[in-house]
Amino acid sequence: MKPVHVIGAGMTKFGVLEEGILELVQSASLQALDSSGSRGESFDHIFVATQNPDEFTGVGHLSTLTADRLGLVPAGATRVETGPSSGSSAFEAGYAMIASGMADLVLVVGVEKMSEVERGTASKILAKMMSNENETKYGATPTALAAMIARRYMHEYGLTRDELSLIPVKAHRNGAKNPLAHFQKEITVDKVSNGRVVADPLTLFDCCPTSDGAAALVLASEDKTKQIGLADEYVKVLGVGHATDFHAVQHRLSMTSMNATVVAAQRAFKMAKLTPKHVDVCELHDAFSILELIDMEDVGLVERGQAIAAVKDGVTAVDGDLPINTTGGLKARGHPTGGTGVAQIYDIYTQLMGIAPSALQVDTPQIGLTHNIGGFGNNMVVALFGRN
Amino acid sequence: MEIEASNCESCKRIIVPPRDICPYCGPNNPMNRTTISNEGTILTFTSLQRPPEGFEPPVLLALVELKGGATVLCLGTRDEQSGTSIGSSVTLRKDSLDRFVYHLAK
Ligand SMILES: [Zn+2]
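Line by line, the protein sequences are chains A and B. First residue of the first sequence? That's 1 in the working numbering, and the numbers climb one at a time after it. First residue of the second sequence? That's 1 in the working numbering, and the numbers climb one at a time after it.
Relax, there's no trap hidden among the hints.
In silico EDC-like pairs for lysine to aspartate or glutamate, Cα to Cα no more than 16 Å straight-line:
id	chain 1	residue 1	chain 2	residue 2
1	A	K137	B	D95
2	A	K137	B	E53
3	A	K137	B	D98
Calculated from the structure, these hints are not laboratory results.
Construct the complete structure from the given sequences, taking the supplied hints into account.
Here it is, written out as structure tokens:
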């Protein structure tokens, strides 16, 4: 396969925003074009990641719409959907197109505009990624499933409620320093542990918000990178892994591990010829606090049951040995579903380029990892990136 | 009550609800219809305070591992709220909407 570079990235603020879905797409895309000096270049393809714009906004067919809006016609354009991992899946498609030699310059944009509908309607739209027959019909929600996983994890490993609260506390501590984050206010263990219970043992502060926002990447082949005139201002894609798990939680083989993450991570590490020990900075999919701990173990960053010890030791803080979710993660950065995977790569790109917000910049990281969950834990993408 | 299931000849796993294709082994493996006991054990549970429209909070949910081997999501009634814990023995029935409901074994 041919080398693929991330030569530019852009991201809007995440939160409840005034801008419509196409304005968000345009804003993130133009930033990515500008940061790579590729305004005026002719793009071979555009991949648009979005989970359900038709129902959230009434706008559909975002593939051609994006090409037309950005003045990139006749670039090929494809919409990609794998639930909340749509962003990473779109990146994967763009990567494959360049790696195979089919394309030299690809724009990947991930977006969701969720605030135009009521919270109840948003929940109903998001519930479509769960099993109707085995879950939704019972009144289960993603939070209910996460709560059952959290309770089982506590039972198996002795995790306490206050320990679990350290995850959202860290997320908000980092988000408070990220000007693009949905939430920019610190919270305390007490506030998380004693917050309003959504599904016990999880409270409101264990759960990420629904957000508006977009992020974009420009991917290029080696030749195209040179032609645009970029000497070393890019990040290398080292590995990508993608895997599914059984749709309903009840059919999975573990309640405290998500096998799609295990398989996706193994594939990404194998392709990159790296091991978890090589990773310097991570973005993990923390839609619920408990998932960050399980993600750490499933990716192979720590042993089973040891994730919370690493968190308590400060290993996963911005100044720790293995910083995780330096920009706030889904919990504080926010979660516009189709946008999240691309935002994670944006954040790793800024870390590896050394242009993250100064209070969040990790000291010269060499290898970065992104991990993005689709469905409720059943469609995962892991990617590895290297500093040039 | 017996629970409708299917049994994969290849991996021997029991799948509830029954399927034509084994999700674990793929389409090249015969599946047979069977029934299993409605007795099982609670693996984990939650009491959902903010359920979707059409549900009255709290909604008690539990993942129950049946003696036959399959795990199923079940609803619990108000009566079950206080006595439910991981490891509780339960029996299942179906409600009018064809959903599993668990009851703590006496
Ligand atoms: Zn089988």
